[in-house]
Amino acid sequence: MTTLEQARPLSAADDDIGREKRLRMYRMLLELRLCEKRAYDLFLQNLVKGTSHLSLGQEAVAAGFALGMRRDDYTFCTYRGHAHTLARGAAMAGVLGELMGRACGVTAGKGGSMHLTSVEHGAMGSYAIIGAHLPVACGAAWSAQYRGTDQVTVCFFGDGTTNIGAFHEALNFAVVWKLPVVFVCENNLYMEYTPIGTVTAVAHPAADRASAYGLDPVIVDGNDADAVFRVAAKAFERARAGEGPALIEAKTYRHSGHSRADPAKYRPQGELEQWLQRDPVNLYRERLVTLGYPELDLRSIEQDTARRVDEATQSAKASPTPALDLIHKDVWANGGSAWRN
Amino acid sequence: MDILMPQLGETVAEGTVTNWYKQVGDSVRADEALFDVETDKVSTEVPSPVSGVLAEVLVPAGQTVKVGTRLAVVRGANEQAAPAGGAAPSHAPAQAAAGVHAPASQVRSLRLEADVAARSEKRKLSPVVRRLLAQHGLSAAGIQGSGRDGRVMRDDVLAHIGRAGSTQPAAAAAASPSPAPLPAAPAVAQATTDSSMCGAGERVVPLNSIRRRSAAAMARAWQSVPHVLQAIEADYSRIESARRSKGPAWQAREGYELTYLPFLAWATCQALLRYEQLNARIDGDRLIVSRRVHLGIAVDLAHDGLVVPVIRDAQDRTLSALGREIRRLAVGARGNKLTPDDFSQPSYTISNSGVFGTLITAPIVNPPQVAILSTDGVAKRAVVVASDDGDSLAIRPVGVLAQSFDHRAVDGAYSAAFLKELKRLIETRAWSDDLP
Amino acid sequence: MAELTYRDAVAAGIAQEMERDERVVLLGEDIGAAGGVFKATVGLFERFGPRRVRDTPISEQAIIGAAMGAAMTGLRPIAEIMFSDFFGVCWDMIANEIAKTRYMTNGQVALPLVIRTANGAGSRFGAQHSQSVENWAMAVPGLKVVAPSSPADVKGLIAAAVRDPDPVIVFEHKSLYSVKGEVPDGEALDALGAAKVLRTGKDCTIAALALMVPRAMEAAERLQAEHGIECEVIDVRSLVPLDTRTIMGSVVKTARLFTVEENPRLCGWGAEVASLVAEECFWDLDAPIVRITTPHVPLPAADSLEDATIPSVERIVDTVQRAMG
Chain A
-6 MTTLEQARPL SAADDDIGRE KRLRMYRMLL ELRLCEKRAY DLFLQNLVKG TSHLSLGQEA
54 VAAGFALGMR RDDYTFCTYR GHAHTLARGA AMAGVLGELM GRACGVTAGK GGSMHLTSVE
114 HGAMGSYAII GAHLPVACGA AWSAQYRGTD QVTVCFFGDG TTNIGAFHEA LNFAVVWKLP
174 VVFVCENNLY MEYTPIGTVT AVAHPAADRA SAYGLDPVIV DGNDADAVFR VAAKAFERAR
234 AGEGPALIEA KTYRHSGHSR ADPAKYRPQG ELEQWLQRDP VNLYRERLVT LGYPELDLRS
294 IEQDTARRVD EATQSAKASP TPALDLIHKD VWANGGSAWR N
Chain B
4 MDILMPQLGE TVAEGTVTNW YKQVGDSVRA DEALFDVETD KVSTEVPSPV SGVLAEVLVP
64 AGQTVKVGTR LAVVRGANEQ AAPAGGAAPS HAPAQAAAGV HAPASQVRSL RLEADVAARS
124 EKRKLSPVVR RLLAQHGLSA AGIQGSGRDG RVMRDDVLAH IGRAGSTQPA AAAAASPSPA
184 PLPAAPAVAQ ATTDSSMCGA GERVVPLNSI RRRSAAAMAR AWQSVPHVLQ AIEADYSRIE
244 SARRSKGPAW QAREGYELTY LPFLAWATCQ ALLRYEQLNA RIDGDRLIVS RRVHLGIAVD
304 LAHDGLVVPV IRDAQDRTLS ALGREIRRLA VGARGNKLTP DDFSQPSYTI SNSGVFGTLI
364 TAPIVNPPQV AILSTDGVAK RAVVVASDDG DSLAIRPVGV LAQSFDHRAV DGAYSAAFLK
424 ELKRLIETRA WSDDLP
Chain C
85 MAELTYRDAV AAGIAQEMER DERVVLLGED IGAAGGVFKA TVGLFERFGP RRVRDTPISE
145 QAIIGAAMGA AMTGLRPIAE IMFSDFFGVC WDMIANEIAK TRYMTNGQVA LPLVIRTANG
205 AGSRFGAQHS QSVENWAMAV PGLKVVAPSS PADVKGLIAA AVRDPDPVIV FEHKSLYSVK
265 GEVPDGEALD ALGAAKVLRT GKDCTIAALA LMVPRAMEAA ERLQAEHGIE CEVIDVRSLV
325 PLDTRTIMGS VVKTARLFTV EENPRLCGWG AEVASLVAEE CFWDLDAPIV RITTPHVPLP
385 AADSLEDATI PSVERIVDTV QRAMG
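Chains as they are written, first to last, in this note's numbering: chain A, -6 to 334; chain B, 4 to 439; chain C, 85 to 409.
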């Protein structure tokens, strides 16, 4: 009953995705990968403070969906949101600067790693309370429906989210109101430190719940960016046509711990190594090579991306810390924080 | 009854009588101070437990005795003189009268009651009554109280003042910055406008809430801070020349005049960064020094009180930015448009009386700040200019910069060095380059 | 000038704004065809249709979350939470998401939305359907909070709340829904952050909110008639922003302050008012500030118990009279 979207057989001729998109996809995957690695390096240099939750290993989900989205579509994601924010087009310096608490950060240091937001890119926020953003995504989808635009709202969350009440409220709500929202569960096998299977009543935390809301269960290989792209495109098409929401479970794996404090010692021996065999960035490169993309082109993308990450890092490091008067700004629409006359 | 040496603490065994407030034969009221006791832990005033006449003093001042020792005898109004030999008065606790130790707990609880009584007596004066008494130099003792248990209420004080034909409240140190930002309360205490308290030819000018608050804070500051005033004269030629060359463009661009104040604010910040102990606050016996200058600017509200809005992180601002911020704060303060954020705690304050052409002003330091600068009038003066060719006279714009500082925080030489640096900046900086 | 009940004034305020602005939409449980459990949205469904007046499942997180998502993408939603007690099940949405998002995003996200809710005791509903929780909302930076006490006020403040660019929580009082009052004809538009002096007096100031306002007014009448005490009664109306000028202006005049709160004792809104007045009007006070509150207990259901729990006219009269004596 669970349908697994298989990667199609590969051939150079078979290209519903096309050369231009594929190269963009590879560039994006690399950018997410290198940027997250850089975030980790900066953490080791004590330049990134507080907590941060890396998407290393999960890049294909972010890239596959983002590539299929329109500029005016909305993304809602969790505190593991660096990749999703970057994938929508937010500047790397803005993201790295935010992690470092610099004035150039996407929210000038006020949000931090867990609240990356770039409204101009449709990245409507990273939400740090599990489940909270699913109802909010419903609202954005309702707004698009009400205004008669055919914008789609995509809402990413982890496997752990499927066990919180807001998930179920939002799913029911979205179906009843037939909202153009696509819920994407990134199942990376661990809620935080605990294997999701040990705390969930069903084997597939999202897909096995879909039928409770009259939705088709969809599982996709979350490490295959092309497969993700295809399943996303199908869901978007339905949503834009007014056929309501979708719930997609993307199977993937995070290479690092839950957050920077977590060495992920709870993973069984060999598990990480096994998943590294299916590293989404390497997989994609291999596919491009198989499809006949010139090695030179790929090298050039790799060098260019590495250079851009370096530049972004330098620019973020050079940015000053935020002005202290920011503390009292933007509680209200008038820019201030006064609560009395 | 017998007055015993009280136990002034669990571990205290003896105490020294240091002072008798009454002499034998004096009458004393219950709760009225009778004598002082000093122990190794405390020194305290002990009230009489009863009303009556001090009949005997058994332990003179200066003597140390054990807890429970008979110190004196106070005879109640209806109490007969005790027969010689000290037989127990009939209604006094037999033990105590016989000179036997009263249990410590009993002594303490007696004291506790007395303390509570004394405290609540004081507490019965409300803040507004205390303020009115202080302003009019009155004591509550002579005022009939209409409140519960005879408490003196606000209206009682006002009625008393009205009857006594008292003049206006004592003037507060008004020409100094207000201590804290306050929303201007629209209403003024009604009764203080009551003309019945005026004499002939007099008029009541009620203090508005800003002035009342600044009055209280200034009085406290004046009492608690050891002030020193130091002043230096500075030649404003270079600032004047910048104002002449860049002022018209400024006026055209910004829509208001380029005054001396932004220049002085900038120079003050720079000088404070070098002499940072003046940019500090007193915290007990420590001085907390700041590298950030939150510069308070005293703004006169059309002679109706002063407020001190603050330029935060003034050290980071350019001359133009300071000029704009000073303007914004001044206009905002006069229009009552500033937010509480504009009134955060300053680290140093400038009070500018210069517009009135004053020669020198001795401002009051507003704690926890440790210093305040008055910038006074700038006027053309004949100045002796020294050069290699000999001295000559020149006409130069000259003004006095006067700093009051808290002598607990810094010494005169430090303050003087600061003023010298300030003067150096004013006289030597190429100010015109700072302005577009 | 028409005489309306408080509940009709709520509906009239919402209708006025929906008429004016197509972006205004309404969502909540039973608010549509049923007209709301307190009948405060009667007629709106018929007038504006199911596209703009939407019934929801019993999903408070979804209701508030959807309002938030809609507000950040161009609509001006009004969400109803049937009983303010249910804030407990969507407090994450209100306190963590709505209140903080503008700030956390450095001003990128605007949230012009209104949450209406039925607040307060008097209906014998017991501890989970009778609370006054405006003090919860007041404690969270980023939320504006009003609690109107009359039909005219509720209409005007709802209009102001809808037009405000920030999230506003409107606490409607259950025991006021059936109260009638004059509501001016034509467009109603009040101002957030403005208290009202409903009665002037020289002896003491009584600050009250919502249902406590008519009680304070009645108490003031009696204190005048029976004890010759002239009370100034202030309807605080708006907790955030808080009109400290009106309150302090009155205290400076009378030198005495009483607050009348339906909140349980600890951290009721009056505690903040008392703290501000003590700090800034200390030298104008002629007696300690006195707070008249619900005791620090959950609310009992039985009518006799509930009536004896929340501040009554008698308690206000008695407390003020004793303190002033």
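None of these hints come from the bench; they were simulated from the model. Incorrect hints may have been included.
[Unchecked claim] Pairwise CB distance ranges, derived in the manner of DEER restraints:
1. 311/A x 360/B: 43 to 51 Å
2. 204/A x 133/C: 51 to 59 Å
3. 209/A x 172/C: 31 to 39 Å
4. 372/C x 419/B: 30 to 38 Å
5. 222/B x 311/C: 34 to 42 Å
6. 140/B x 366/C: 19 to 27 Å
[Said to hold, decoys possible] Only part of the chain C face toward chain B is listed, based on derived beta-carbon distances under 7 Å:
7. 362
8. 363
9. 366
10. 368
11. 371
12. 374
Quick reminder that beta carbons are idealized off the backbone N, C-alpha and C, glycines included.
Here is how each hint holds up against the structure:
1. 311/A x 360/B: 43 to 51 Å: holds (49 Å)
2. 204/A x 133/C: 51 to 59 Å: violated (32 Å)
3. 209/A x 172/C: 31 to 39 Å: About 35 Å separates the Cβ atoms of residue 209/A and residue 172/C, which means 31 to 39 Å holds.
4. 372/C x 419/B: 30 to 38 Å: For residue 372/C and residue 419/B the Cβ distance comes to about 49 Å; the hint is violated.
5. 222/B x 311/C: 34 to 42 Å: Taking Cβ atoms as reference, residue 222/B and residue 311/C lie about 38 Å apart, which means the hint holds.
6. 140/B x 366/C: 19 to 27 Å: holds (21 Å)
7. 362: For residue 362/C, the interface hint is violated, since the closest Cβ of chain B sits about 9 Å away, which is over 7 Å.
8. 363: Violated - the Cβ of residue 363/C stays beyond 7 Å from chain B, reaching only about 9 Å at its closest.
9. 366: holds (5 Å)
10. 368: This interface hint holds because 5 Å falls under the 7 Å limit.
11. 371: holds (6 Å)
12. 374: Interface hint status for residue 374/C: violated (13 Å vs cutoff 7 Å).
Consistency note: the structure conflicts with the earlier hints numbered 2, 4, 7, 8, 12.
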